[in-house]
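Enquirer: As they're listed, the protein sequences go chains H and G. Residue 262 in our numbering is what sits at position 218 of the first sequence, and the numbering runs on without skipping anything. Residue 239 in our numbering is what sits at position 195 of the second sequence, and the numbering runs on without skipping anything.
What the hints contain is simulated information worked out from the structure, not anything from laboratory work. Built from N, CA and C at the ideal position, the CB exists for glycine as well. Some hints here could point you the wrong way.
The calculated label-pair distances, taken between Cβ atoms and stated as ranges, are [what the hints assert, rightly or not]:
no., chain 1, residue 1, chain 2, residue 2, range
1, H, 85, G, 236, 39 to 49 Å
2, G, 236, H, 257, 50 to 60 Å
3, G, 221, H, 230, 43 to 53 Å
4, H, 63, G, 282, 23 to 33 Å
5, G, 240, H, 230, 31 to 41 Å
6, G, 272, H, 67, 17 to 27 Å
7, H, 251, G, 236, 49 to 59 Å
8, G, 236, H, 233, 51 to 61 Å
9, H, 47, G, 236, 33 to 43 Å
Anything over 12 Å on all C-beta distances counts as not near chain H; from chain G, calculated [to be verified]:
no., residue
10, 51
11, 63
12, 208
13, 211
14, 237
Number of protein chains: 2
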Amino acid sequence: MNDVINLLKAHKSVRKYKDKAIEEEKIRSIIEAAQSASTSSFIQAYTIISVENKENRAKIAKLGGDQKYIEECPLFLVFCADLNRHKVACDIHDVEMQEGYTESFIIATVDTALAAQNAMIAAESLGLGGVYIGGIRNNPNEISEILNIPTNVYPVFGMCLGYPDEDNDIKERLPMEVVFKKDTYTTDGDLERLKEYDSSIEAYYLDRTKGMRSDTWTGMMARMMSHIPRPHMKAFLEKHGFFMK
Amino acid sequence: MNDVINLLKAHKSVRKYKDKAIEEEKIRSIIEAAQSASTSSFIQAYTIISVENKENRAKIAKLGGDQKYIEECPLFLVFCADLNRHKVACDIHDVEMQEGYTESFIIATVDTALAAQNAMIAAESLGLGGVYIGGIRNNPNEISEILNIPTNVYPVFGMCLGYPDEDNDIKERLPMEVVFKKDTYTTDGDLERLKEYDSSIEAYYLDRTKGMRSDTWTGMMARMMSHIPRPHMKAFLEKHGFFMK
């Protein structure tokens, strides 16, 4: 439809990078683009940390699920939801910040994600590729200690970026009718659509692995969702001032 | 730096729209772009509802903070974090979904925001403008009832889109050094930077309002953060299965 939409639709995760640094001006453009994203009531509730220190990278790679590309990628960014500087603003104006509300947690988390997605798109427009790293929530206490992350701030995800040294397939998404509804939430017809999607995903994996892997979307989701997901997150967030009041 | 980054950096909220429908194929491109965003372990944990029904639009506009543009915009999308179809996937494969964990809440909320930001960028690339509507969290119970939103799903935000009938200024963001850190989280020098930013924002409002409004960023944040933010969200989310376990 246009070049921007073609770029968005061409997204695929990239986990293998050329041994080539990203130019400083490109990094600045990526961060500027991130900052240009929408932000709830101008709150700008995020901080982006670029981890250059090699030792810390290695530690985070291990803590983040033993993902080597965290260590190897030219640029590794940690996106933190951040209400710390709003606390500073309250201090400056001698008022008390209302801390620990679920709503503030949502605002800061969404703000962070919108900025990050702009960063990803900006990076891809510059010929880079990357991947989000939810794995930093595997060991958020240790990672927060390494990065010196204070109260009212939490690391939401990481992002590896670099010049691509692999070309993955674009993964077919759910049928549009499953995720896009008119007027009200309804699941009419979705079961059939999910079955068709399962067949399509199954064919994709069979083809890609020459018959070695047979998998479906509902199968993958059932496996994943039947395991307790990172049960330490609640205690970790509370420690960082996000009490879900 | 390139056209995509220029587009990202040119973002401004648009709340006034021409009386012109958005072409169906453009809407489909916007949703396709949304679906192309990164998604945690392929979970695709969101549903987008386009509210066309005029009565419901009017109700939501009122419930969402009496924002007329929710009623008037050509396209109003409600972005919901959605783990309902993953429950269906678990049912299909006869396993029990682990529900109510904070981690799942984060995954679904982030997935939704990434998709939404792609939608916003796609829309802007097509000559449209828009604004996120956090106001749907003012009355999430009523809005969920109108939209028939079930357990394991919650409306994160809305989005108004249309052909712009106003041209707002781009709002200056925080100095990059405040939000972008090397290696560790540090606030060294930030107080000075915030003061400079305050001066710049103050000058902007004075200029724009011909001296009628004097405001600073820390002042706005202090006012906002000293009020309890949507304290009903916790109970609402629990009602919808998000227990923050």
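Enquirer: Please go over all the hints and tell whether each is borne out by the structure.
Expert: Tested hints:
1. As the Cβ distance of residue 85 of chain H to residue 236 of chain G is approximately 24 Å, the hint placing it in 39 to 49 Å is violated.
2. The given range of 50 to 60 Å is respected by residue 236 of chain G and residue 257 of chain H, whose C-beta atoms sit roughly 56 Å from each other.
3. About 48 Å separates the C-beta atoms of residue 221 of chain G and residue 230 of chain H, a value consistent with the hinted range of 43 to 53 Å.
4. Taken as a hint, the range 23 to 33 Å is violated for the pair residue 63 of chain H and residue 282 of chain G, whose Cβ atoms sit roughly 49 Å apart.
5. The hint said 31 to 41 Å for the Cβ distance between residue 240 of chain G and residue 230 of chain H, and at roughly 51 Å that hint is violated.
6. Taking 17 to 27 Å as the suggested C-beta distance range, the pair residue 272 of chain G and residue 67 of chain H does not conform, at roughly 45 Å.
7. At roughly 58 Å, the beta-carbon separation of residue 251 of chain H and residue 236 of chain G lies within the given 49 to 59 Å, and the hint holds.
8. In this structure, residue 236 of chain G and residue 233 of chain H meet the distance hint of 51 to 61 Å, their C-beta atoms being roughly 58 Å apart.
9. Judged by the Cβ atoms, the range 33 to 43 Å given for residue 47 of chain H and residue 236 of chain G holds: they are separated by roughly 41 Å.
10. Distance to chain H contradicts residue 51 of chain G as a non-interface residue, since its nearest Cβ pair spans about 6 Å, not more than 12 Å.
11. Every C-beta of chain H lies more than 12 Å from that of residue 63 of chain G, the closest at about 21 Å, which supports listing it as non-interface.
12. At the 12 Å boundary, the C-beta of residue 208 of chain G stays outside the reach of chain H, the nearest C-beta of that chain being 15 Å off.
13. Remark: the non-interface label on residue 211 of chain G is consistent with the geometry, its nearest Cβ contact in chain H lying 16 Å away (cut-off 12 Å).
14. A beta-carbon of chain H is positioned within 12 Å of the beta-carbon of residue 237 of chain G; the least distance is around 10 Å.
In this structure, the hints that do not hold are numbers 1, 4, 5, 6, 10 and 14, in rising order.
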